[in-house]
Structures are given as C-alpha cells and as structure tokens.
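Visitor: Protein sequence lines, in the order shown, are assigned to chains A and B.
Residue 60 is where the first sequence starts when you use our numbering, and the numbers rise one by one after that.
Residue 5 is where the second sequence starts when you use our numbering, and the numbers rise one by one after that.
Any given hint might turn out to be false.
Claimed, not checked - These stretches of chain B come out as covered by chain A in the derived footprint (C-beta under 8 Å, 3 or more residues):
| hint | stretch |
| --- | --- |
| 1 | 21-32 |
| 2 | 45-58 |
| 3 | 63-71 |
| 4 | 76-89 |
| 5 | 125-137 |
| 6 | 141-154 |
| 7 | 176-186 |
What the hints assert, rightly or not - Chain A regions said to be covered by chain B (calculated; three or more residues, Cβ under 8 Å):
| hint | stretch |
| --- | --- |
| 8 | 119-133 |
| 9 | 360-366 |
Derived from the structure by calculation, the hints contain no laboratory data.
Glycine is no exception: its CB is placed at the ideal position from the N, C-alpha and C atoms.
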Amino acid sequence: MVTTRPAADAALTRAAADWWARLREPEPAAQTIEQWLAWVQADPRHAEAFEQACQLGENLHAADASTRDTLLRAFAPERRPRPRWLAGLAVAASLLVAVLGWRVATHGGPDITAQPQRYASGIGQNQDIRLPDGSTVQLGAASTLTASYAKGQRAIALGTGEAFFTVTHDQAHPFVVDAGEVRIEDLGTAFNVRRTGQQVTVAVTQGRVRLQAPGDNKRQPGMELMAGQQADYDPRRGVFSMSSVSVDHVAAWRDNRLEFVNEPLSTVIANVNRYSRRPVQIADPRLGELTFTGTVKINTIDSWIGALPRVFPVQVSSFADHVVLDSAAR
Amino acid sequence: MDKSNQDGGADDGKAGTGRHHEQIRALYEEHHRALIAFLHSRLSSRADAQEVAQEVYVRLLALEDLSHVDSPKAFLFRMAANMSLDQLRKRAVRAAAPIDPNDNDWHVTPLPEQHASAVQQWKVVQQALRELPAKTSKAFVMHVIEGRDFSVIAQAMKLSERMVRYHVGHAMAHCRERIEAEVP
C-alpha cells in the first residue's frame, strides 16, 4: 500500500539529505557543523531522517561490483568510450592515452581527450607527467590531479597535494589550474601549487601567473604573481597574502626536502603525511595551530617526528601503522 | 580552578583528572547519537563511525583538560571531523590507482544477509535516478559510487563545487523519498 506522506515529511527528507551532502565536504566549516548540530538535536525526527540518509549512503558505498557497474554505465558513462584494451593499463600508461587522445582530437577523430585524465600518486612517491601539449607536471606524493584537454582547452584540477608545472605557453589556449577555490592562470611560466584542504599556496619560479579567488570577477580580475613571489590563500577570509620567496626554495620537495615558513603545524603534518609511511594524526586540534618553520627531509621523517617534543609541547606515540601527536602532559 | 594545569602539580592533578573524565563522559554521552550520525554520514559506514567515535573518546580522555576550550561540543566534532578525514584519506590512498569499472577487485562485498532487501532497493534507486536530470544523477553516482570528492566532480562536469553538492543532496533526497514510498 502506498500512503501519501504529509508534506512535512518530504521537507524533512530534503533537509536531511541536504545536511548529509554538506557534511560530506572533506572539511566542513565549523559553522556548518554547528548549524547541523542545532538542527539534528532539535527534534528526534530530524536525527532519524538524517540517519536514514546516512544508511542509504552506506548501502550505495557498499554496493557490489555488478550494481556499481550498472549504475556507472547508466548514469556516469564517462569512461565507456575508452577502448577496453587501454582500461587495464596502470597510471604510467595514461600518458600514452593522453598523447594519443590529443592527436586524435586535433585530427578530428573521436575526441577521447574529452575524458578528463586523472592522475594519482602514492604516499612517498613523486610522479612525472607529460601533458599532451608538451607541458610537464611534477606531481608530489599522495596528490591527485585531473587534466582536461577537450576542445583545445587546458584545464587542470589539483584535487589534493602539490604539483610543479612547467607550461608550454600558448596564448590561444590558456593553461588554467584550479585548486579548490583558487584559480591560477598561466602567463608563461613555471610555478608550484600546494593544496591542503582549501588552503592553497602558489609560488612562481619563472614568468608569472594570474590568481583568482572566488570573489574575483571581471571588474576585479584577481592579481598577478611574478617569479620569486608566493601567495597564500586563506579560505576563511577568502584572500591572498603575498610574500617573496627564493626561487631555489620553491618546490624543494622535488629534491626530497619539505620546507615550511611560519606554517600551522596542521598544514605541515598534512603535507608530511603525503610522504610518511605512517600517517601522523594530531589528537588535540589546538596543536595544529602552533607555527612551524623548518625543513623536513623526506628520508628522515621518522626522526623529525621523534624530535618534535623538543620544540613543541607535544608527546609522540608510535603505533605500527600510525603516529599520534598529542599535547604533552604537563 | 585548574590545578591540573600547573607545572609539577602531579598530586594535585588527581581530583582534576577525575573531574575531567567526568566532564568528557558527560559530553560524549550527551552527543553520542549526533557524533555517530556525523561520522556515519562522512565515512559511509556505521561500523567505522563507531570505531572512530571510540577513538575520539579515548583521545579526549587523554587530553589534560578542556578548561581552555570555548565550546567543548564544537571541539568534539572538530576532532571527529579531523579524524574522519584522516580515515577517508587512508582509504583514498589505498585506492589511489585509477578506478576502473572493468576491474572487479576494488569493491566492497556486502554481507550476505543484506543482499535480499538490497536487490529491491537498487531497483528503486535506479528508477529514482532515472527520474532526475542527467546532471543530478551523474554527480550523485560519481560521488557515492566512484567515491569522487565534490571538487573532482566539479572539474569533470564544469560546475562549481556548490552546484555539485546541491545535485548530490538533491539526488539523495529523491532516492530517499522513493524508498520511503515504495519499500515497505
């Protein structure tokens, strides 16, 4: 029997689904969490509706292979036109796909570059990528990047982590990197982008780039960053702060050194974790706000972590598969 | 008075520690349901949510005191947000190789007893997704099935992250409504 549900129920289901989606942001704002809490604790029916959305999310997440395949084919058939024989190849081979795709596209064949190409590096593993237009990307460890070369555009998205770009300049086809809320447009350049959540740092070693934050538009077209300059984007205030940087120090990660100047410990740890065999967790969020300046050598991360209690009021607990940083007992 | 906060006050700390544990326990119990729901929404697994909640609790107990924290409740959920993100990152790294729909190795096998009711639910979900605009179902499937972040979907679909979140929430609402109406 199908019963007609009161409109209030439908509104409740929608509100619950909306909150569910909001909380699935990798880093929901403190305000979002606070508002959600007020809502979910206001009425047991709210909590129930929310839990039902979570349960459906779980069922979908745990779907078996054939269900996944059916849903993907039906609703997100992005990858379908990709030839089957290519599908099994590993990340390294995506280069071949991209080059092949570029050539096919420029000769009017089926445009398989319409499929954005996704790259992901493992923990502790930098990766070199050559893009179809000859530009190169050095991708830092545990980083993800998507390159879309459909219709002559050159659109890159840095999902997480860090990348150093050396761009083949082509005025007709602007090279654009999106890192969360920040957009970087190449103006003849080599530059480094690091994304930690929504916090983005851009440093230029050669030429210049144009930067745009969400508030920028035609009238306020963002700002330009020159070689030897660095911009840090603060997502809470939606603004960049500029500083100068020695070109030799930009992207030192390519020489196995992670360099930090006055950065919150939470950001430092998030980036160290991209190279650490054992992820470091910060148990006490207050620790994340401490500021760190210094160099972390990628091959001696463990001893760097071990030495932290000498400079910060922290204690380090090591486990087989992770390390916990906690406030030192006073 | 927070005696436990003073240097060298090892003996004085005992009463403080007891009070601290009491405070943590009260905080945890008061928000337990919301905390599990919060972690469940983010981790897509109630079992993982319970495990991480337990970890949050243990970490809170290990803290010295919360007297400097403006809102212990906000602190609790921020900690939970951080720890669930760590968990998600760990999963993402495990699945760092490009996801290939032809490869059957990467899925999570459902428990056998979930299967019967699940089959019916899939039919309803599929029908519900067909009723939605193509963009909406696509964003939803990329997010919940492929496990893509909103930012990645935004790039692939040339939408803003906010629009992607809207589509995903909208599809979730519609699927839930259809299930309510059709699955007894």
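Visitor: Hint by hint, note whether the structure agrees.
Guide: Hint-by-hint comparison with the structure:
no.: 1; hint: 21-32; verdict: violated (count 0)
no.: 2; hint: 45-58; verdict: holds (count 5)
no.: 3; hint: 63-71; verdict: holds (count 4)
no.: 4; hint: 76-89; verdict: holds (count 10)
no.: 5; hint: 125-137; verdict: holds (count 6)
no.: 6; hint: 141-154; verdict: holds (count 12)
no.: 7; hint: 176-186; verdict: holds (count 9)
no.: 8; hint: 119-133; verdict: holds (count 14)
no.: 9; hint: 360-366; verdict: violated (count 0)
When held up to the earlier numbered hints, the structure conflicts with 1 and 9 and fits the remainder.
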